[in-house]
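Enquirer: Sequence:
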Amino acid sequence: MKLISAAVIFDGINPPLKDGAVLVDRGKIIAAGSVEELAARHPKAAREHFEESLLMPSMVNCHAHLELTEIGEVTPGLSFSQWIAEVIAIKRATNTERFFEAAADGARACRALGQGVVADVVSVAGVESAYPADGAMVIPSREVICPSAESAKGISEGLEGAKGGVFLHSPYTVCAEAYREAALYARAKGLPIFTHLAESSDEVEFLLNGGGKIPELVFGPLPVEPPRSPKASPVDYLLNPAVLGGGFIAVHLVNVSAEDVTRLSKANVSSVLCPRSNRNLGVGNAPGRIILDSAMPTGLGTDSSLSGGDLDLWGDVKAAVEDYGWTVTEALRAATSGGAAVLGVSGERGAFAPGLKADILVRELGQGWTLEERILSSTVSAGILTTS
646 MKLISAAVIF DGINPPLKDG AVLVDRGKII AAGSVEELAA RHPKAAREHF
696 EESLLMPSMV NCHAHLELTE IGEVTPGLSF SQWIAEVIAI KRATNTERFF
746 EAAADGARAC RALGQGVVAD VVSVAGVESA YPADGAMVIP SREVICPSAE
796 SAKGISEGLE GAKGGVFLHS PYTVCAEAYR EAALYARAKG LPIFTHLAES
846 SDEVEFLLNG GGKIPELVFG PLPVEPPRSP KASPVDYLLN PAVLGGGFIA
896 VHLVNVSAED VTRLSKANVS SVLCPRSNRN LGVGNAPGRI ILDSAMPTGL
946 GTDSSLSGGD LDLWGDVKAA VEDYGWTVTE ALRAATSGGA AVLGVSGERG
996 AFAPGLKADI LVRELGQGWT LEERILSSTV SAGILTTS
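Under this note's numbering, the sequence shown has 982 at position 337, and the numbering climbs by one with no breaks.
In short, the hints are calculated from the structure, not lab data.
Certain hints may be false.
As the list claims (entries may be wrong) - Simulated crosslink set (DSSO-like; lysine-lysine; CA at most 27 Å straight-line):
(1) 647 with 1002
(2) 1002 with 963
(3) 673 with 1002
(4) 689 with 663
(5) 663 with 1002
(6) 1002 with 834
(7) 673 with 663
(8) 798 with 736
(9) 834 with 798
(10) 673 with 647
(11) 736 with 808
(12) 689 with 647
(13) 1002 with 808
(14) 798 with 876
(15) 876 with 858
Note that this is a predicted model, so its numbers are computed, not measured.
Could you put together the complete structure from these sequences and hints?
Expert: Below is the structure:
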């Protein structure tokens, strides 16, 4: 049994606590709280202390594209649809071996940056085999892009063997028939369903009237046609029982109203917000305060390095405070226990709760006048401790 203490601890749920500690045994959390109280109750426990440091659960990155890690550079200042087109071109020019290397590098980078779990989108067959043992634990979701109703008939066969989840790319690249068929498969197998949703005004325009930049810039260079426009908003479209109808994980949610958020919450939809990616692509900010106040399970994601810039989820913690007006506690919670709830791993990770895995992240407190400022300016120091 070991008592690990620091100047500050964040347990994944409650506000940061000064002079806190975590009691661990055989790789599991026993208790967390005041170092004075825990030391008095467990005087024989081995001790380890981190000066001027923050202890917190390893972070949960709810959305990444590890296979795209540093595979190329996109032109700065592109519109959303231009960016999509350029990413497609980069992927088409990249060989399979490079995707495998990128996925391995990305998983290792996430671990080094304090992430214990990463939800990854897999578009390259077999890339899951590249995840290294010394990287973050990766939950892979098989990507589906299927604009043709005719092709939707073979969706189930293409998803055979999917383990972590099914990722239906977006309403502008997946037709209603494919959404429906893939959702039936995923639910029968007990797999979570993810989708990008309401990320850009280009998406909204295409779904409402079939026009805008997506048909020309995204599909123009490709030998396929876009799916039929449903003549509906993104939320109206996917909440239609004939498409998804609820019970999925929505990534981005930039272009949604307060009413949309209420409806999504009632339909058992979880949200993943990627503030730095949205900033970098110039699509606007998600209504993060409204989403958080709706009690919708909410996590944070880095997205790919081609949009977020890197795989450092801490950057999204800070961006959530700046762009959404969240408190530091709210942002930290979304990056830990909130993300674990979204991904269905809250029984294993995301908090300093008894019985959970003792994945303890150590960050060196930075400069600042307040505790919150020192936490936000902190940097990874000892990384994620191994507490076997």
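Enquirer: Residue 876 and residue 858: Cα distance at most 27 Å?
Expert: 16 Å, holds
Enquirer: Holds or violated: residue 1002 with residue 808, Cα cutoff 27 Å?
Expert: 21 Å, holds
Enquirer: Quick one, are residue 673 and residue 663 close enough, alpha carbons at most 27 Å?
Expert: 22 Å, holds
Enquirer: Take a quick look at whether residue 1002 and residue 963 sit within 27 Å of each other, Cα to Cα.
Expert: Holds, because 26 Å separates the two Cα atoms, which is no more than 27 Å.
Enquirer: With the threshold set at 27 Å, check whether the alpha-carbon distance from residue 834 to residue 798 stays at or below it.
Expert: Measuring from Cα to Cα gives roughly 18 Å; hence the hint holds.
Enquirer: Do the alpha carbons of residue 647 and residue 1002 lie within 27 Å of each other, as the hint requires?
Expert: Distance of about 14 Å is within 27 Å: holds.
Enquirer: Taking 27 Å as the top limit, are the C-alpha atoms of residue 798 and residue 876 close enough?
Expert: 23 Å, holds
Enquirer: Please work out if residue 673 and residue 1002 have their alpha carbons no farther apart than 27 Å.
Expert: 5 Å, holds
Enquirer: Take the C-alpha atoms of residue 673 and residue 647, compute the straight-line distance between them, and say whether it is at most 27 Å.
Expert: 11 Å, holds
Enquirer: Holds or violated: residue 798 and residue 736, Cα atoms, limit 27 Å.
Expert: 26 Å, holds
Enquirer: Given the hinted pair residue 689 and residue 663, is their alpha-carbon gap at most 27 Å?
Expert: With Cα atoms ~23 Å apart, residue 689 and residue 663 stay inside 27 Å; holds.
Enquirer: Quick one, are residue 663 and residue 1002 close enough, alpha carbons at most 27 Å?
Expert: 22 Å, holds
In this structure, every one of the numbered hints holds.
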